[in-house]
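Construct the complete structure from the given sequences, taking the supplied hints into account.
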Amino acid sequence: MSTATKSTAHAPAPLTAVWLVVEGLWAWYRRNWRSSAVSSVLEPVLFLLALGFGFGSQIQPSAATGGLDYVAYLAPALVVASAVQTSAFEATYPVLAAFKWKRTFIGIASTPVAPAQIAYGQLLWIALRVAVSSTAFLVIATVLGAVTSVGVVGSLLVAVLTAMAFAAPVVAYSATLETEGQQFTAIFRFVVVPMTVFAGTFFPVDQLPVWVRPLVWVTPMWHGTELSRAAAFGTGELLAVLGHLLFLGALVVLGARFAVRTFTRRLEV
Amino acid sequence: MVAETVVHGGGLRDGALVRARGLAKRFGDFEAVRGIDLDVRPGEAFGFLGPNGAGKSSTMRMVSCVSPRTGGDLTVLGMDPHTQGPAIRARLGVVPQQDNLDNELTVRQNLHVYGRYFGLSKAHVRAKAVELLEFAQLVDRADDEVEPLSGGMKRRLTIARSLINDPQLLLLDEPTTGLDPQARHLLWDRLFRLRQQGVTLIITTHYMDEAEQLCDRLVVMDGGKIVAEGSPGELIARYCSREVLELRFTTDKPDAAAIDGLADRVEVLPDRLLLYTADGEASLAAAHQRGLAPASSLVRRGTLEDVFLRLTGRTLVD
Ligand SMILES: Nc1ncnc2c1ncn2[C@@H]1O[C@H](COP(=O)(O)OP(=O)(O)OP(=O)(O)O)[C@@H](O)[C@H]1O
Ligand SMILES: [Mg+2]
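Chains as they are written, first to last, in the working numbering: chain A, 1 to 269; chain B, 1001 to 1318.
What the hints contain is simulated information worked out from the structure, not anything from laboratory work. Built from N, CA and C at the ideal position, the CB exists for glycine as well. Since no wrong hints were added, every one of them can be taken at face value.
Covered stretches of chain B, going by a simulated chain A footprint (3 or more residues, C-beta under 8 Å):
#1 1057-1069
#2 1083-1096
#3 1109-1118
DSSO-like cross-link-like pairs, simulated, lysine-lysine; straight-line CA separation at most 27 Å:
#4 B:Lys1154 to A:Lys102
#5 A:Lys102 to B:Lys1122
#6 B:Lys1154 to B:Lys1122
#7 A:Lys100 to B:Lys1154
Below, the structure written as structure tokens:
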């Protein structure tokens, strides 16, 4: 034990600590990325092909599609929907596993890294993970000719923001669970899927019955979809854009603070 | 006049690495630790004995600065866990009762990733990992996933991991529970080496031989309180006799009158009688003289196990 260099162990600076948590999650992901990368990139590409090009060939450009081909109308929304789906998965099972089955967060809690830093690290990890798969999707969509302008870079940022607006509160919630009853299945079945189907990804929300619309307005996905199309097509109105950003930003901030609280409660018992 | 020793630059008063006064832990209405006093001195191996639920792990978790105390005072390495948790944890090694290795990473990756949380550079962690793999005799398995390793190997890896930051104080919660005798002896050997290097150890265990082997000083906990404290030898001298005579009866055990006066104290267990006495052979002769006919008898030295039994009214196996 005497040969190695002298220890310089210390509590890392807060941002470094957050980054180290990301590094730890990446160490696992690097060995196990294939299946989840496939589903988070290939799946939206298949949707784009089947619905955008296939089904879309039957749809005339109209006011509802902003005068665009259906596939061009769909692509900026699909990146948001797919980002939310990926983030929802990353915010549920892996988080509970890190507390309960693998107990890796319990292990980190004995190091100088604090519970709040673990929470922020987990969130940052999801954001990076979503950013990478959304970029991959958009590159493929561009190659396929579904992207109309460089405004799509804005769509990428919006996709990450929307994904985090959804994931942050879910991460917080996952940290409170003792077992996987049916909670995660319920989140997917009753929140993620209906949101994807009805919150403006595939058709404008004003096609929905009046009484359903308010339900759609409180979903992060609707705000994200609106923003993403505004960015991609350059059709944004300042006030609407600010409103969407504020809504999504507030969810991220509140969700993150809530996650810090639930992580701390879980780890400091 | 002896000057107060200041160890490793921390602001340590009276040289204690861990100092607790009236330390308490409450979970809701339930008080798991009910006001205990501790002083763990630099370089010693300090043990916690106690039956299941005594509050050993709860205490260990408070000392390792992951579980906030709910009462009393605690300083670890001269600092208060409430305000300086991360700084203290940077200098501790923790082996929890339940392993929390990442089973899907390799042995070596577990060390690398964990070491980084202590602010250590990648190069440092890599070099240190090589050294620790050697120490834990895991060189052959270094690049295998953790999942299929045996319990003993995982435990050794957990201990190796706890040393990645060259801790000043190592906390081991039941380090050898569930290991076969060979694995236990290997771990004891490793812990002994650490002690020789000046690492202070705090150990909980259910094994009396482990406590006798490893600990300079120990406390017996029961129901959240410390019921005895001292070196293994002191505890045996104080709570036990020099020798113990064990008598087994296949038929009915003799009644109280028949054994009265044969020993200082008699413990009646389901399968045998324990007679605490200064001279076991003499007591056995006296028992025979009274016409007692045990199926078998054994004279042995008093042990920590006897102390434990007396203090907690329980055998260790449950
Ligand atoms: N997080 C918790 N919430 C509620 N009660 C707890 C919690 N942790 C421990 N306890 C209770 O506190 C008491 C002491 O537990 P602790 O784990 O400290 O005992 P122990 O001495 O380590 O026992 P063992 O030898 O079984 O490991 C037990 O009754 C346990 O049920
Ligand atoms: Mg315990």
